[in-house]
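Undergrad: The whole structure should be built from the sequences, with the hints applied where relevant.
Protein chains in written order, with the numbering used here: chain R, 57 to 267; chain S, 57 to 267; chain L, 88 to 310; chain W, 88 to 310; chain Z, 307 to 542.
One or more hints might be untrue.
Claimed, not checked - Distance condition first, Cα-Cα at most 30 angstroms in a straight line; then the derived BS3-like pairs of lysine-lysine: (1) W:133 - L:133; (2) R:178 - W:133; (3) S:178 - L:133; (4) Z:457 - R:178.
To be verified - Simulated DEER-style distance windows between Cβ atoms: (5) Z:316 - R:187: 28 to 36 angstroms; (6) Z:322 - S:135: 42 to 50 angstroms; (7) S:227 - R:167: 42 to 50 angstroms; (8) L:213 - S:179: 50 to 58 angstroms; (9) R:179 - Z:387: 50 to 58 angstroms.
What the hints contain is simulated information worked out from the structure, not anything from laboratory work.
The beta carbon of each residue, even a glycine, is placed where N, CA and C say it ideally should be.
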Amino acid sequence: MLPSLRLSVEDLAVARGGRRIVERIGFNAGPGDYVEITGPNGAGKTSLLRVLAGFLRPLEGRVTMSSNFGPIDRDEQALCMHLIGHRDGLKGPLSVAEHMAFWAGLYEGGDEAAVLERVGLKPLAERPARTLSAGQARRLALSRLLLAQRPVWLLDEPAATLDIAGRAWLLGLVSDHLASGGIVVAAVHDPIGALPNHRVALNPATLAEAS
Amino acid sequence: MLPSLRLSVEDLAVARGGRRIVERIGFNAGPGDYVEITGPNGAGKTSLLRVLAGFLRPLEGRVTMSSNFGPIDRDEQALCMHLIGHRDGLKGPLSVAEHMAFWAGLYEGGDEAAVLERVGLKPLAERPARTLSAGQARRLALSRLLLAQRPVWLLDEPAATLDIAGRAWLLGLVSDHLASGGIVVAAVHDPIGALPNHRVALNPATLAEAS
Amino acid sequence: MNAAVAAVFKRDLTLAWLGGAGAAAPLGFFVGATVLVPLAIGADGKMLALIGPPLLWVSAALAALMTLERVFQADLEDGALDQMLLARAPFEALVLAKGAAAWVAVGGTIALAAAPLALTMQAPLPSLPIIFIDMAIGMIAFFGTGLLAAALAAGVRRAGVLIALLVLPFYAPPIIFGAAATAAAARGEGLFTPPFLLLAGCALAALALGPIGAAAAARLQAE
Amino acid sequence: MNAAVAAVFKRDLTLAWLGGAGAAAPLGFFVGATVLVPLAIGADGKMLALIGPPLLWVSAALAALMTLERVFQADLEDGALDQMLLARAPFEALVLAKGAAAWVAVGGTIALAAAPLALTMQAPLPSLPIIFIDMAIGMIAFFGTGLLAAALAAGVRRAGVLIALLVLPFYAPPIIFGAAATAAAARGEGLFTPPFLLLAGCALAALALGPIGAAAAARLQAE
Amino acid sequence: MITALANPQRFMRFSEWVLPFAAIIAMLLLIVGLTWGLVFSPPDAVQFESVRIMYVHVPAAIWSMGIYAFMAVASLMSFVWRHLLADVAARCAAQIGVAYAGLCLVTGSLWGAPTWGTWWAWDSRLTSMLLLFLTYVGYLALWSAVEDETKAARLASILCMAGAVNLPIIHYSVEWWGSLHQSSSLWKLSGPSIYPTMLWPLLICIAAYGMVFFALLLASMRAEIYRRRVLARGPA
Ligand code: HEM
Ligand SMILES: Nc1ncnc2c1ncn2[C@@H]1O[C@H](COP(=O)(O)OP(=O)(O)OP(=O)(O)O)[C@@H](O)[C@H]1O
Ligand SMILES: Nc1ncnc2c1ncn2[C@@H]1O[C@H](COP(=O)(O)OP(=O)(O)OP(=O)(O)O)[C@@H](O)[C@H]1O
Ligand SMILES: [Mg+2]
Ligand SMILES: [Mg+2]
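TA: As structure tokens, then:
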């Protein structure tokens, strides 16, 4: 982990389809901080995470990062983060092990065998992803966090489709990451169990207003 | 609704990929009954629902239905049910209204305008489904229940990605359906709020055994 | 049942014109192939008249082939196939509606484009409506059998190429008869030539058996 | 970076070969396209020799296009594009790896199949290796420009129109030069004919600009 | 007899004792037919020694069509009655059929080089054999593309039945096309005027190919059934 890593968000405004949906969001997270984003459906949680990950440009405001080596520039920032979105991003015909090998190569890190063990998918290693149950697929998607080994985790409803054991496992994953000095930003409807250091409640625009 | 509708499952065994995953399941549900299926990830909840919907052949056992007009034969059975699976089944380029119109035609029933109002998606009617947030897409998928108007609802983790208001809305939907004499079978990790008349707990095969 | 069939037809037509592969890519291919090949061989007028009809038919068959891949594959992946299986209308009728939508969107456009293209290949003006009808009917044969192949291959990765393999033996007869019928039309022999009747026979057979076979196959894919 | 590029290359290659259809199917498509030609135009050897090479090239271009269409669309829909953007390796290199995998899997098979098929169109035996090289190089041109078009069109509402319109002007030169080079080879003029050099030029340009443009376009799609 | 054999156990018992006899008869017929044809029969007046390819070529052509007919019947049984044995039979037959069709194409091609001076001509008989070959390849490609075997079996049986409708149409259309194009009269069959000295070894070769098919079919069906039994027992 980068020592004294900071992730600061200042006065962020995000638009989707030409409509401003997120206004004036700000937080300043340091090593070991858990940032919880809440808000009703359509409030802009996913959009906000995609701004942080650098996929979407904010309308206003800035996302800055720094470590004790100084500020991290915009291009480098994206490489300090990893986003797990709503979609698992699996390829039906590839097996669990092939997915892991792909990510291990793509992110140039992580010990596949150990990760396979840790996410509990070892017995399913040879199964094509198409045949996984929803929760098994979600576990596989989350294993990317362990293979990419980035200091900042951006999680979009990570516990969806996970069973009780799966949620406990996820909490363990998040807690370990925080304990080792990482930052976790998660958009959730139900708390994942970790105690948030910052809460970002997106404006509870009702669906009716969200036209 | 069909008067004195019954859905009976006897000694059902289901296999996936040549491996038996669900063994000896049985229940007997009548009008207004809510059947809750629980079990860890990979226990076979989705597979069981697909057997009920007639997509998958059971290995052993039978699914039978009857009304007070007598037993309903296997082909007719599938037409008394509606399944909402893990996937929303939306077409990115089609708008919300176009989806509703399609289903209203496909299932030959339901008043689109009223349903659009009831699922709370009216302000988004002209939006292509691709731009919906996860929860909005789920609401749209669930609107099929109101358009198809079948007595038996099969729901696979219906509340995933729904916010608190969305879950309350779903509970209202389910309660109304039960009150009008329908049957609801739902696979869930968290209770959806309705009081189950039957509980089917699938064997908690751990992931490790599920190879 | 009529409402359900109409709904599927309308949705597939809309989808064909909106995103996805659409009708434009096959049309582009069709026009491109029929323009590029004579260009590449530097054909003169007489030559063009000779290779014109067969060229039109080979390109039309390949263009139809190109659109088949995602007909069932997309519906299988996103769960729309489940939705259709849960309808009260017979699944065969819904599959027929899907095929009809593809036929109108792609087949219609190509048949419409074929007529003016035939002009550049020295077909006389009065033969153009006949060439349009030939093409439109040939497309029934291509889409009927193509639907079956598409349903068989859905769920397979790179289904497109498997479909191509499966469909080829089925495309040979309509291509043979179609090219002959178009050549006869260009020679001024009118619509009801023997090859046209044989082509219509192929189309009828494809229309009768294609959707039934495709529905049986697609039902199996929904496991 | 090398590991990431290798990982993308390997994954795309695996995906291309998986599903059983892998080896047989592009072959089937191609064999099919070349079988359809004589069926449509008749068995006249001289005519076949003339129309064969250009049609071979048009179908090769179509086969390339067919596989490219979903290269980015699929990755965009299922979130795999996000995963690649989050890698440390330059995105351009990853896109190049994707293109290279497609080129090896599809282009290679088609080039291999093209040679024996040219035999059936009266090309002499010694020209076969030359035809293979022509095809393999032409495929670089198809995949380079096709990659760019696929990236531009992914996620767009009317993707079909876009791909067709974008790709056709870029495909015309390699098709024309390629067909000419193959025809020259069949006439026994050897490998380094003028059309071959022009074809190689097209391939180089596509190789240089395709992946960079495609990467820039795909980055925008990931919004 | 068919219904009795539909039971896999009974089939295994039956095939266990039939297989050796079938294999021996096939070997004997093959040895007699091929040595007679390839060594002792007279060379042709026009084609000289190259005519001997006929003894390999013609039986392969005939049986590759016969095997497809067999598959179509098996597929119908498999689709309607969901007979495990029927789809095993169809699949195993296809593997032999594709080899026969391929053999016919290759030997025909080898024969064409000396007699016609070309490896390939777009003659109607050649074209329909090529399309038959492609039909086989497509059928097998479908089998191997679908992982779930029960699903693959049903899909393949649909394809096979559709192909059975299509093959006569192909045959007719290609004949019609051939008559249209008068394909440079390459195909001059000497027809029934074949000498008895050539006819007898040919007939024996045809019978031999049939027995080879039968023996191979039994053997590969047995192997396939064993394989499925092992799979059904689950991973070790
Ligand atoms: C439906 C498939 C086929 C059948 C039933 C068939 C049958 C025959 C028969 C009966 C003959 C003996 C003619 C004679 O009396 O000498 C023959 C000759 C021959 N076949 Fe085939 N054949 C088939 C396909 C092919 C194919 C695909 C090729 C080439 C690739 C081929 C090439 C030849 C050649 C070169 C000869 C000898 C040439 C001649 O006598 O003119 N045949 N075939
Ligand atoms: N491409 C787009 N064009 C137009 N509007 C969009 C687009 N993408 C998202 N939106 C809208 O922006 C709003 C925010 O979407 P977002 O996906 O960020 O919500 P969310 O908070 O993640 O909701 P959920 O809890 O349902 O996942 C929604 O109202 C959505 O409909
Ligand atoms: N096509 C298939 N081939 C082989 N195994 C399969 C196939 N489909 C599902 N499975 C396996 O069958 C088991 C049951 O899957 P199912 O999707 O029914 O589980 P589930 O109870 O719905 O789980 P979840 O809570 O994760 O959605 C899982 O172990 C899964 O991996
Ligand atoms: Mg969201
Ligand atoms: Mg499930």
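Undergrad: Are the hints correct? Go through all of them and say.
TA: Going through the hints against the structure:
no.: 1; hint: W:133 - L:133; verdict: holds (15 angstroms)
no.: 2; hint: R:178 - W:133; verdict: violated (61 angstroms)
no.: 3; hint: S:178 - L:133; verdict: violated (62 angstroms)
no.: 4; hint: Z:457 - R:178; verdict: holds (27 angstroms)
no.: 5; hint: Z:316 - R:187: 28 to 36 angstroms; verdict: holds (34 angstroms)
no.: 6; hint: Z:322 - S:135: 42 to 50 angstroms; verdict: holds (48 angstroms)
no.: 7; hint: S:227 - R:167: 42 to 50 angstroms; verdict: holds (45 angstroms)
no.: 8; hint: L:213 - S:179: 50 to 58 angstroms; verdict: holds (56 angstroms)
no.: 9; hint: R:179 - Z:387: 50 to 58 angstroms; verdict: violated (36 angstroms)
When held up to the earlier numbered hints, the structure conflicts with 2, 3, 9 and fits the remainder.
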